[in-house]
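Listed below, chain by chain, are the residues.
Number of protein chains: 2
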Amino acid sequence: MIIAVDASGGEYSPHEIVKGAVKAAQDYKIGIALVGKKDILHVQASRYMKKLDINIVDASEVIGDEESPIEAVIKKQKSSIVVGIDLVKRDQASAFVSAGSTGAVMYAAFTMLGRVEGIERPAIGSIITINIASPFLLLDCGANPNCRPKHLLQFAQMGNIYVREVFGVPSPRIALLNNGEEEKKGNQLAREVYQLLKASDLNFIGNIEGQSLPKGMADVVVTDGFTGNIVLKTLEGVGEAFLKLKNVSQEHSNASRKESRDMQFDVGFGAMVKRIDYRESGGACLLGLNGNVIISHGRSQAKAIRNAIGMAKQSVDRNVCQIIQQYKFIEPDPPMTETNDEQST
Amino acid sequence: MIIAVDASGGEYSPHEIVKGAVKAAQDYKIGIALVGKKDILHVQASRYMKKLDINIVDASEVIGDEESPIEAVIKKQKSSIVVGIDLVKRDQASAFVSAGSTGAVMYAAFTMLGRVEGIERPAIGSIITINIASPFLLLDCGANPNCRPKHLLQFAQMGNIYVREVFGVPSPRIALLNNGEEEKKGNQLAREVYQLLKASDLNFIGNIEGQSLPKGMADVVVTDGFTGNIVLKTLEGVGEAFLKLKNVSQEHSNASRKESRDMQFDVGFGAMVKRIDYRESGGACLLGLNGNVIISHGRSQAKAIRNAIGMAKQSVDRNVCQIIQQYKFIEPDPPMTETNDEQST
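Sequence order for the protein chains is S and D.
Residues 405 to 749 in our numbering are what the first sequence lists, from first letter to last.
Residues 405 to 749 in our numbering are what the second sequence lists, from first letter to last.
For the record, the hints were derived by calculation from the structure and aren't laboratory data.
Accuracy of the hints is not assured; some may be wrong.
Note: identical chains are not told apart, hence a pair may lie in one copy or across any two.
Said to hold, decoys possible - Each computed BS3-like pair below joins lysine-lysine, with the alpha-carbon atoms no more than 30 Å apart:
#	residue 1	residue 2
1	Lys554	Lys479
2	Lys707	Lys619
3	Lys619	Lys433
4	Lys482	Lys433
5	Lys732	Lys493
Sequences are here, hints too, so could you generate the full structure?
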């Protein structure tokens, strides 16, 4: 198995990306195709290339976060994003992992790999592990700010397959993120989705409220891309705030030479913060495309990249993409007329 | 100043409510009208009634959380919620504080006190203090799951007045909660609201993403009631998860007789958790009504009730309600045709 990794994407590229990719090659015994500027990558990676299955695929252009995703993908055909996704398209790689411009990765993946038949809107699924005993898949995390009820049903169906295959949960508990538990709660969209999910053959357990997210009640939490993105990022923000607090206190603690490292609390706390910290956690998967693509946070460091590659490997191992392709999705209605394809995470 | 307090509402009523109200009467030197079952309240409160300005107003009925808010309010005219809001309506109390059924409080307040002229949708505003150095008002937190752009503009205008008057911030920074920073990001609603806010005379600083909420960038964060409710409750849920972790570790710590109480981190952490813990923080204010109403969490204990009463006192002291009444809101369009008044927090 070869996983293509965007070595030019993200705030800490290429150094942290290469470091994470090398770690993944070691830990998972897989092949890595580092996609980026050849010369730079040679300097960074050549010493690992003898003993590990790491190759460099040249991509001379870089798409920046500030660029218009669509224009950049069309114009920069030699960018790491376009070259990397092309490797997946041509079966030269089993998956593509990128911490680069989410919009550009999505647009390139969307146009180059294409949607699974019957899927109108591919979605971004993110594994939330606030509760380590019971992680859940949240989707959509930002691919579709505007959704119709049928889209959320499809998100649930894809999420169901992902969690069943990757987590090995036989009948994943599907919940709808809502502002109340009762069936009639929610905005117009949520209320209509509730009825679709209730009528489906999924193991739909009803609405879930924000405060119940850490409680391990659901395996898949479905929402529109606007809400999902805001929830995901709010969790990130809180994690970051706690982390800052922890760092400040550790500095203080070191300064006053207090020894407190073995505290049970400190360990549990650190672990929880790490789990909601994007620098540590892996990435989010694009579901509904003909190919495996993992989007990492733009501020991912080595550990997050290594974990994102692990996530890609799992999807490949479990044939998530193929199983979604074989699922009979209901035919979507004609596309919405309003403009709603701005993509974001 | 007399503040009416719903002694029959919430999971810990009447004991914790009475306790919180007594503390508020002491701390703020205000009068309290305890609204609830006379006989029970006499037993609970009589010993404080000699030295503090505490009175009991009989309300023989109780509205439960499981009841339909509209039916319950219509049927139970002797409920603590109806009696309490009636005190505000008849100027017998300056504000009403309740930890009872949010839907019932909202419906009763809406119908009995009425909307401020020009305001189509009153909103729930909640003060978020993850960052103690820079708290912000989030609204709407659940009164209006379905919103039109103009509603969010009005939320911003009301939030602006609240923060300016209560926090004393001369020109509050208004931000729109969104799934990206750029002007064109968001769902249809957010994009249209952006343009309205940009054209307004408010100090609009643009979009804010979830991860930036703890960073102290905005004084007022505006969103629809669906998203706002989910964000508020997600913060609650994370706070609760951390608190649980803290409690578990303290038990462990006590068991193994480790002394760690004076750790800087522990203190900072505890304070942060407390700030996002609904049992400690006060309540949320209803903005846009002809009267001051504060909604507390159903699981509020004495400290939260005391703080909610403090919040009510601030609104009264600063004439928030009157200033909103004097503001020239733009005339709303005719009401939406879809059913969208299900209310929730």
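Outcome of the hint check:
Proximity of lysine 554 to lysine 479 under the C-alpha cut-off of 30 Å is found in neither arrangement, the shortest distances being 34 Å within a copy and 39 Å between copies. Taking CA atoms no more than 30 Å apart as the test, lysine 707 paired with lysine 619 passes in both settings, with 26 Å inside one copy and 25 Å between copies. Taking CA atoms no more than 30 Å apart as the test, lysine 619 paired with lysine 433 passes in neither setting, with 35 Å inside one copy and 41 Å between copies. Proximity of lysine 482 and lysine 433 under a CA criterion of 30 Å is satisfied intra-copy only: 28 Å inside one chain copy versus 71 Å between copies.
In this assembly of identical chains, lysine 732 and lysine 493 lie within 30 Å of each other by CA distance solely inside one copy; the values are 23 Å within and 58 Å between copies.
Hints 1 and 3 from the earlier list are contradicted by this structure; the remaining hints agree with it.
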